[in-house]
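**Student:** The listed protein sequences derive, respectively, from chains A and B.
For the first sequence, the numbering used here assigns the number 313 to the initial residue and increments by one for each residue that follows.
For the second sequence, the numbering used here assigns the number 313 to the initial residue and increments by one for each residue that follows.
Accuracy of the hints is not assured; some may be wrong.
The list cannot tell twin chains apart, which means a pair is met if one copy fits it or any two copies do.
Said to hold, decoys possible - No more than 30 angstroms apart at the CA atoms, straight line, and that leaves these computed lysine-lysine pairs for DSSO-like:
no. : residue 1 : residue 2
1   : Lys435    : Lys518
2   : Lys490    : Lys544
3   : Lys696    : Lys419
4   : Lys484    : Lys558
5   : Lys676    : Lys419
6   : Lys677    : Lys422
7   : Lys444    : Lys422
8   : Lys422    : Lys558
9   : Lys544    : Lys444
10  : Lys675    : Lys635
11  : Lys484    : Lys709
12  : Lys422    : Lys709
No lab work stands behind these hints: they were computed from the structure.
Bear in mind that the values here come from a model prediction, so they are computed numbers and not experimental data.
Protein chains: 2
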Amino acid sequence: MKAALRPAAEILTIGDELLKGSTLNSNAKFLGRELTDLGFRVTGQSSCPDDFPVLTARFAECLKRSRVLVLTGGLGPTPDDITREALAEYFGVPLVFCAAQYRQIEKFYKGRGLHRVPAMVRKEAQFPANAKPLVNRYGIALGFTVEAGDCLVIVLPGVPREQESMFRELVKPLLRRKFPRLAPKCSLTVKTIGLSEPAVMARLGKTFFRDSFDFGIYPAPSEASLRLQSEKAAVIQRLRRICETKLKGHVYAFADQTISETVGGLLAARGLSVSTAESCTGGALAAEITAVPGASVYFPGGVVTYSDQSKTRELGVSPQLLKKHGAVSGEVVSAMASGVRTKFRTDFALALSGVAGPGGGTKKKPVGEVWIGFSTPRTTLAWKFQFSGARALVQIKSVKKALEILWRHLRGERLGAASRI
Amino acid sequence: MKAALRPAAEILTIGDELLKGSTLNSNAKFLGRELTDLGFRVTGQSSCPDDFPVLTARFAECLKRSRVLVLTGGLGPTPDDITREALAEYFGVPLVFCAAQYRQIEKFYKGRGLHRVPAMVRKEAQFPANAKPLVNRYGIALGFTVEAGDCLVIVLPGVPREQESMFRELVKPLLRRKFPRLAPKCSLTVKTIGLSEPAVMARLGKTFFRDSFDFGIYPAPSEASLRLQSEKAAVIQRLRRICETKLKGHVYAFADQTISETVGGLLAARGLSVSTAESCTGGALAAEITAVPGASVYFPGGVVTYSDQSKTRELGVSPQLLKKHGAVSGEVVSAMASGVRTKFRTDFALALSGVAGPGGGTKKKPVGEVWIGFSTPRTTLAWKFQFSGARALVQIKSVKKALEILWRHLRGERLGAASRI
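Chain A extracted, bound-state conformation (with noise of 0.2 angstroms):
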């Protein structure tokens, strides 16, 4: 389908808070990543405070131009939230009761240890009478859908958790129903580690773009991510192809998955294991690696260890090697890598030390200047990075490229010779 001919969906985010700048519209982004991976041309985002007259007025608006319209937020107990109620009066419709919601919201309280279910919260198990109840599993607020004219209203609660599951598992499915035209049969997602958004453009060049097809790239720290769809098996071949060849190096998945989930499941298949020793990233690594479900059968852990003592106690760093070369130094995160594998008995070990700021640089150190090292059965190598951004930005940047390392690794790269203590 054309992309102007691609019905057009909007979204519309309520609440105070995003007015006030409270709070990052993250819904915002999930939904219209998720309305044009479905193959809706997005036409538009608003937000709105919980105000009865401004909220009725922009659904007016959103519903004159749209043939689907996402509505989240303000679906909570508290007098402000006021979405049910401003739609059933916009329709001139009452307010009913869903008992399926209800029995999830005594459920929910009873696995909380109460066993009444406050009066005010009975609300949120209420939707406008011309609506189409969604029942929530994830939370307390019910969801709907009402069909207005020619638009196809969802409302979802505005908690990220409970409208993203509620997304994938109801509306997505019903979308797929109502607009079977729509999805382009074939997509591919490509997960890229260690290139910049223009760097993986750049690569990709003029020719990539020959077919016409749907593009997507979306950036992360040290990721990007790219989204390519087409009614043709044959073109989502060729752009495939396209990727193993200029992003080589670079692409560890084509699917859905994170930098950590590519390399435990590489790690779990080969039964090999690997511990970790933070510094500056402070725990953010084995984090990482524990997000993962079923860790546990390549990580068995590893330290941290922020204090230069901790650092010699724990992973045997040597008193003279800190002095001479600085807890952030080549020398220290490799003795930490070694110390740490042999600790926990891992085939590989990580380690980090550096300088994630905003106090602490120098100017031969300066903020941002990170060093990982790694740890095989075979060798030792360390590696210094100079990452830029705030803390935070610094603190993923380095796990990133930690887990950079061990996929390269895993893959059968020779790492720079190099950079060998």
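Keeping the supplied structure of chain A fixed, place chain B upon it in accordance with the hints.
**Tutor:** The following block gives chain B in isolation, referenced to the frame of chain A:
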């Protein structure tokens, strides 16, 4: 000035990437916060694609409803950037050239060793003839302002760093001059832990809302934040007193800070220290502690003991204890906590072991069961929790609860002796 009388401001962010879900709209958050803090009522935020007719239509709608419209993005040099052209056409005026911005562009290119400005970049120094230029010293795209009837339109580049600098240096003083009677508002942030959003609302009760003031409540896992704003300092003082009474034992800050920052501040002020031993959270507690700059003062480190063997080897948890009670038990987290406290020679230690899921649950120890151990120089306690939600949520809630326990101890609460092991 009453809320309803405050001038209405809107934000219009332009760019396909916002609608396809490639980019989180951090500009909308920044502008929402800045405009709210200046005293405007932000009544809308919209994103629209780089599409001539759609942009013009949204622009016209926003103009009608607001006194101030901040429009950002679509000012780049490529053909899909059409904001300048669309506004000039809307106003029926030609685009004219700003020599000051062009000098800035030439300087920018020279600084990068390029002595000729590409022809396509020239348009970045243009503005509609009815506008006043806002020279961009941080990048190459000119900003501008237009008085359109009763609405002041402010157009800024979409690059966050440029936009933020230009807003602070050029736009803020301009808005203060144009709206001299915008009341400086008093505001209060209240951060609570251990109460759900409905529980906070129920505790505050109806009398809390007696006066007229701006109220926002923002739930997060295990937390709820309040944001209160009023023109009257006395109102804010009264609200603060009510929060102190009604939310007693749950308010950890009257400022925009995290529980980890609060706990860190208390530890640092008293010269105390903490270490961590993590199983089910896999390093996420240590990562949360070290997300705070300067955490090294009170956090020497911790261990992630993901396997039974590592609990024994690293923390001295006896194999008999593990066999008898299982890794997810009060006995084991107590042994982990006192083990890591001794190991890292800290005043306090926190230890976690649980079933984060999705697998690994049993009838006796279901997914979401988490034990937290807390060791002090005088005693070691352990508590059992049952957290709901997916793996990541169980992990976050566990981390928050562990920090809450330490916070409660530091503020002098006597922690439940019933749960003493």
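**Student:** Now tell me if each hint is right for this structure.
**Tutor:** To see whether the hints hold, each was checked on the structure:
no., hint, in the structure
1, Lys435 with Lys518, "between (54 angstroms within a copy, 18 angstroms between copies)"
2, Lys490 with Lys544, "within (22 angstroms within a copy, 52 angstroms between copies)"
3, Lys696 with Lys419, "between (52 angstroms within a copy, 20 angstroms between copies)"
4, Lys484 with Lys558, "neither (33 angstroms within a copy, 43 angstroms between copies)"
5, Lys676 with Lys419, "between (59 angstroms within a copy, 19 angstroms between copies)"
6, Lys677 with Lys422, "between (54 angstroms within a copy, 17 angstroms between copies)"
7, Lys444 with Lys422, "within (26 angstroms within a copy, 62 angstroms between copies)"
8, Lys422 with Lys558, "between (55 angstroms within a copy, 24 angstroms between copies)"
9, Lys544 with Lys444, "neither (35 angstroms within a copy, 45 angstroms between copies)"
10, Lys675 with Lys635, "within (18 angstroms within a copy, 53 angstroms between copies)"
11, Lys484 with Lys709, "between (33 angstroms within a copy, 29 angstroms between copies)"
12, Lys422 with Lys709, "between (42 angstroms within a copy, 18 angstroms between copies)"
Going through the hint list in order, the structure does not satisfy hints 4, 9.
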